[in-house]
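Could you put the whole structure together from the sequences, leaning on the hints where they help?
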Amino acid sequence: MRAPVLNRQLVLESPLRVADGAGGFTITWQPLGRLWAEVSARSGRETQGEAVPLTRVAYKIRLRAAPEGSAQRPKPEQRFVEGTRIFRIEAVVEDDLTGRFLTCLAEEELVA
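Basically my numbering = 1-based index in the sequence shown + 6.
Bear in mind the hints are in silico, worked out from the structure with no lab data behind them.
Among the hints, a few may not be true.
Said to hold, decoys possible - Within a straight-line C-alpha distance of at most 25 Å, the following computed DMTMM-like cross-link-like pairs (lysine to aspartate or glutamate) qualify:
#1 K81 with E114
#2 K81 with D102
#3 K66 with D26
#4 K66 with E19
#5 K81 with E44
#6 K81 with D101
#7 K66 with E115
#8 K66 with E44
#9 K66 with E100
#10 K81 with E96
#11 K66 with D101
#12 K66 with E113
#13 K66 with D102
#14 K66 with E83
Dropping the structure here:
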């Protein structure tokens with residue numbers, strides 16, 4: 007397997023529940039750091055949203071591995087942000103037997 011070309015800088019963000027003062031909560035996103043990655047599209051589909059059609063595109067995002075428990079190691083409930091683009095992380099797997107790289111399977115949702 008070839009080494010990834012880490013040419014895109016992404017911000018890794020984690021959800022943070024914040025009390026809204028009325029017994030509920032809202033979700034805000036806390037930046038954890040910037041990571042260099044290779045981003046490649048896998049597939050796409052169009053679905054019907056509540057008011058407008060949505061396009062969902064699946065991506066494979068490869069980056070340098072971080073140890074288990076590290077804040078720099080992505081998790082499925084987190085997301086990557088690149089400018090106005092948001093990639094929701096669905097799964098994280100070791101890229102190879104050496105453990106040098108991770109592959110994140112992510113999805114971007116766009117209003118059609």
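query: Keeping to a limit of 25 Å between CA atoms, is the pair of K81 and E96 held or broken?
result: holds, 8 Å
query: Within a Cα-Cα threshold of 25 Å, do K81 and D102 meet the stated pairing?
result: holds, 18 Å
field: Pair hint outcome, K66 versus E44 [Cα-Cα no greater than 25 Å]
entry: holds, 8 Å
message: Can you confirm whether the C-alpha distance between K66 and E100 stays at or below 25 Å?
response: Roughly 13 Å between the alpha carbons, so the hint for K66 and E100 holds.
field: Pair hint K66 and E83, alpha-carbon separation not exceeding 25 Å
entry: holds, 16 Å
query: Does K81 pair with E114 here, judged by a C-alpha cut-off of 25 Å?
result: holds, 16 Å
query: Within 25 Å, alpha carbon to alpha carbon, are K66 and E115?
result: Roughly 14 Å separates the two Cα atoms, so the pair holds.
Proposed proximity, E19 with K66 (alpha carbon, max 25 Å): Satisfied, since the Cα-Cα distance of roughly 17 Å is no more than 25 Å.
- request: With a cut-off of 25 Å on the C-alpha distance, tell me whether K66 and D26 pass.
  value: violated, 35 Å
Pair hint K81 and E44, alpha-carbon separation not exceeding 25 Å: Cα-Cα ~17 Å, so holds.
- prompt: Is the hinted pair K81 and D101 satisfied, with a Cα-Cα distance of at most 25 Å?
  reply: Since the Cα atoms of K81 and D101 sit roughly 15 Å apart, the hinted pair holds (cutoff 25 Å).
- prompt: When you check the alpha-carbon spacing of K66 and D102, does it fall within 25 Å?
  reply: holds, 14 Å
The structure is inconsistent with hint 3 alone, although it conforms to all the rest.
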